[in-house]
Amino acid sequence: AQSVTQLGSHVSVSEGALVLLRCNYSSSVPPYLFWYVQYPNQGLQLLLKYTTGATLVKGINGFEAEFKKSETSFHLTKPSAHMSDAAEYFCAVSRYNAGNMLTFGGGTRLMVKP
Amino acid sequence: GEEVAQTPKHLVRGEGQKAKLYCAPIKGHSYVFWYQQVLKNEFKFLISFQNENVFDETGMPKERFSAKCLPNSPCSLEIQATKLEDSAVYFCASSPNQGGSTEAFFGQGTRLTVV
Chain A
232 AQSVTQLGSH
242 VSVSEGALVL
252 LRCNYSSSVP
262 PYLFWYVQYP
272 NQGLQLLLKY
282 TTGATLVKGI
292 NGFEAEFKKS
302 ETSFHLTKPS
312 AHMSDAAEYF
322 CAVSRYNAGN
332 MLTFGGGTRL
342 MVKP
Chain B
14 GEEVAQTPKH
24 LVRGEGQKAK
34 LYCAPIKGHS
44 YVFWYQQVLK
54 NEFKFLISFQ
64 NENVFDETGM
74 PKERFSAKCL
84 PNSPCSLEIQ
94 ATKLEDSAVY
104 FCASSPNQGG
114 STEAFFGQGT
124 RLTVV
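In the order they appear, the protein sequences are chains A and B. The first sequence lines up with residues 232 to 345 when you count with the working numbering. The second sequence lines up with residues 14 to 128 when you count with the working numbering.
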């Protein structure tokens, strides 16, 4: 069984500050890891994903995440927050043998203060 | 089409009424997934299809929920005799193959409100 834990249901940062959204997972097999963003009344948009290879993954809008197997983590970062980054962020995991069925974390709402 | 199209965007049903939601996957995508999002956070996997065949239905409630993907028609998710607890946003996603590393593309969701 897989599970995803996102620490902090709400994160508030100032514009220009570092964004750090935490994600830890548990999986009995090597996972594939995803970060999705959801803007109000919208569907999910993929920010980035880790499958194999380089553990530091760069995504859209200046976001990146690092897969750390020893810590079972896949934290999302952005060096400088922008007002437009305010949204809900979801970490998700899938297994190679489970199709694309995603197991999601509970989400983190990012608020950006001017 | 180039995006997953879900209809309607909003649906209001009285308790006990039937609700039917539709999803047109991206053209060429063989896999379709339905997720239920409650309370703005928790996503629950419901069911997936490979073309018109059920691929994984481990998340589907045993009663009242059914889904289909028929050739040349939008996929559908139907809830018989809706209950208040069915109020949620239902997302459809599609992908070109079943590889776990493959991105799933999500529609904008259908917000079901049961009153």
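Simulated from the structure, these hints should not be mistaken for lab results. Take these hints with a grain of salt, some might be off.
Said to hold, decoys possible - Lysine to any residue pairs mimicking SDA-like chemistry, simulated, CA-CA at most 25 Å apart:
| no. | chain 1 | residue 1 | chain 2 | residue 2 |
| --- | --- | --- | --- | --- |
| 1 | B | K40 | A | L279 |
| 2 | A | K289 | B | N110 |
| 3 | B | K57 | A | L249 |
| 4 | A | K280 | B | K75 |
| 5 | B | K57 | A | T303 |
| 6 | A | K299 | A | L341 |
| 7 | A | K299 | B | E116 |
| 8 | A | K280 | B | N54 |
| 9 | A | K289 | A | S240 |
What the hints assert, rightly or not - Covered stretches of chain A (in silico footprint by chain B; criterion: 3 or more residues with CB under 8 Å from a CB of chain B, positions within the stretch not fixed):
| no. | region |
| --- | --- |
| 10 | 270-281 |
| 11 | 332-345 |
Beta carbons: idealized from backbone N, C-alpha and C, even for Gly.
So, going through the hints one by one against the coordinates:
1. B/K40 - A/L279: Holds - the C-alpha atoms of A/L279 and B/K40 are around 23 Å apart, at most 25 Å.
2. A/K289 - B/N110: holds (23 Å)
3. B/K57 - A/L249: Status violated; Cα separation ~31 Å.
4. A/K280 - B/K75: With a Cα-Cα distance of about 33 Å, the restraint between A/K280 and B/K75 is violated, given a limit of 25 Å.
5. B/K57 - A/T303: Judged against 25 Å, a Cα distance of about 22 Å means the pair holds.
6. A/K299 - A/L341: holds (23 Å)
7. A/K299 - B/E116: With a Cα-Cα distance of about 21 Å, the restraint between A/K299 and B/E116 holds, given a limit of 25 Å.
8. A/K280 - B/N54: Holds: A/K280 and B/N54 sit about 20 Å apart, inside 25 Å.
9. A/K289 - A/S240: Distance ~23 Å between A/K289 and A/S240 Cα, so the pair holds.
10. 270-281: Per the Cβ count (7), the hint holds.
11. 332-345: Since 6 is at least three, the answer is holds.
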